[in-house]
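Visitor: Sequence:
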Amino acid sequence: MNRLSKEILETDTAVGRRVRDLRMAANKPKADVAAHSQMSLADYAMSERGERRFRAIELFGIAKCLDVRMKDIMSGI
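This note's numbering applies: residue 58 is where the sequence shown begins, and numbers increase by one.
If you are wondering where the hints come from, they were derived from the structure by calculation, not from laboratory data.
Label-pair distances were calculated between CB atoms; the ranges are:
#	residue 1	residue 2	range
1	I114	A83	18 to 24 Å
2	G133	R112	16 to 22 Å
3	R60	H93	32 to 38 Å
4	R126	K87	16 to 22 Å
5	I114	D78	18 to 24 Å
Lysine to aspartate or glutamate pairs mimicking DMTMM-like chemistry, simulated, CA-CA at most 25 Å apart:
#	residue 1	residue 2
6	K128	E67
7	K121	D78
8	K85	D69
Cβ atoms here follow ideal geometry from the backbone N, Cα and C, with glycine treated the same way.
Assemble the whole structure, with the sequences as input and the hints as a guide.
Guide: What follows is the structure, encoded as structure tokens:
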């Protein structure tokens, strides 16, 4: 794996971890956040684990569902 691929994978994992932390703090189940973001539960779960990249439109839906701003999701990444 080259350096760029490794950095992308690390970023995807960090974003997924941040979304999971925010979701848990909001006490929302994965299924609710996935539905609000128009994602399948499987895709949402994979993205939260860093196995699939969240799309920008999905992150906007997640932010709205969790009542946070996009910058709250991306902070510390």
